[in-house]
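Enquirer: For the sequence shown, the residue numbers in mature numbering (1 follows the signal peptide of the UniProt record, and there is no 0) are -19 to -1, 1 to 262.
None of these hints come from the bench; they were simulated from the model. Being a predicted model, the structure only gives us computed values, none of them experimental. One should not assume that every hint holds.
Listed below are the simulated DSSO-like cross-link pairs for lysine-lysine, each with C-alpha atoms no more than 30 Å apart in a straight line [as the list claims (entries may be wrong)]: (1) Lys235 with Lys189; (2) Lys71 with Lys207; (3) Lys122 with Lys207.
Beta-carbon label-pair distances, calculated as ranges [said to hold, decoys possible]: (4) Asn192 with Thr134: 42 to 50 Å; (5) Thr168 with Asn192: 38 to 46 Å; (6) Thr166 with Asp132: 40 to 48 Å; (7) Thr129 with Gly67: 18 to 26 Å; (8) Thr160 with Lys235: 32 to 40 Å.
Every residue gets a Cβ at the ideal spot worked out from N, C-alpha and C, and that includes glycine.
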Amino acid sequence: MKKIALVLVAVFALTGVQAQIETPQPSPFTKIEQKVGLTDVTLEYSRPSMRGREVFGNLVPFSKLWRTGANKNTTITFSNNVIIGGKEVKAGSYAVFTKPGESSWEIIFYADTNNWGTPKAWDNAKVAATVKADVVKMPMKIETFTMTFDDLTASSAVLGILWEDVYVGAKFDVPTDKTVTAAITKTMNGPSAQDYYAAAVYYKEAGKDINQAKTWMEKAMSMMEKPAFYQLRQLSLIYAKAGDKKKAIETAKKSLAGSKEAGNADYIKMNEDSLKEWGAK
């Protein structure tokens, strides 16, 4: 039997056959997606278990930087700017490192996420925010390392960390009120000049109601302090398409002047060609 086993090993080695058996990971990967107000937050981490071991102060030493989980460092991603520990943290992804203590932890949001574990060289310039969190002792033990989004409101949440009999949390605030207020103000004030302009250009290009396009474009121009030469170009084309050659020529001449002032050869030529086509003098 030993000879047969050796022969099989040799055959597998020569043929390059690799094992196809998949086994469970001791610290499985987890991904949580949470909407906080209007902000999308994604948490990715791996989950080790106690397995009879004493965790904090032993497996995870006190006062030393910890990857906060297992395998690749834990990461959190925000779709909007948020406030953590009184500091604005820009939208993007951050590694979550911690320094556990007996009575409190430091929870650190670090701008470099490309680490397996903790960084080889720590860079304080990459620390986006740090939170000091008090340890809350739980009446029971949590076997598997767990992270949560707790105390959800329309404007904030708490990133919770639970393992053994310890809970700590880091609150972050999201810009829900600012976003909603801006949207309300914009809606109540009506469309902007750019909204009218974009709608008019679309109607022209799509062959839709050209008179409606003209109305919207004139509205856009009236809301602008000084329309750009390329915007005047679009207005002249809409006038021409609507059959108003006189206004098309007047507007094209303004666009031509602006094109020359800006030194834009393309628009100079387009305006000169159109003026010739429309019989300008």
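Enquirer: Indicate, hint by hint, whether the structure satisfies it.
Expert: Each hint, compared with the structure:
1. Lys235 with Lys189: holds (26 Å)
2. Lys71 with Lys207: violated (34 Å)
3. Lys122 with Lys207: violated (68 Å)
4. Asn192 with Thr134: 42 to 50 Å: Since Asn192 and Thr134 have Cβ atoms about 49 Å apart, the given range 42 to 50 Å holds.
5. Thr168 with Asn192: 38 to 46 Å: Violated, at about 26 Å.
6. Thr166 with Asp132: 40 to 48 Å: Distance hint for Thr166, Asp132 is violated at roughly 29 Å.
7. Thr129 with Gly67: 18 to 26 Å: holds (23 Å)
8. Thr160 with Lys235: 32 to 40 Å: holds (38 Å)
Hints 2, 3, 5, 6, counting from the list given before, are not met by this structure.
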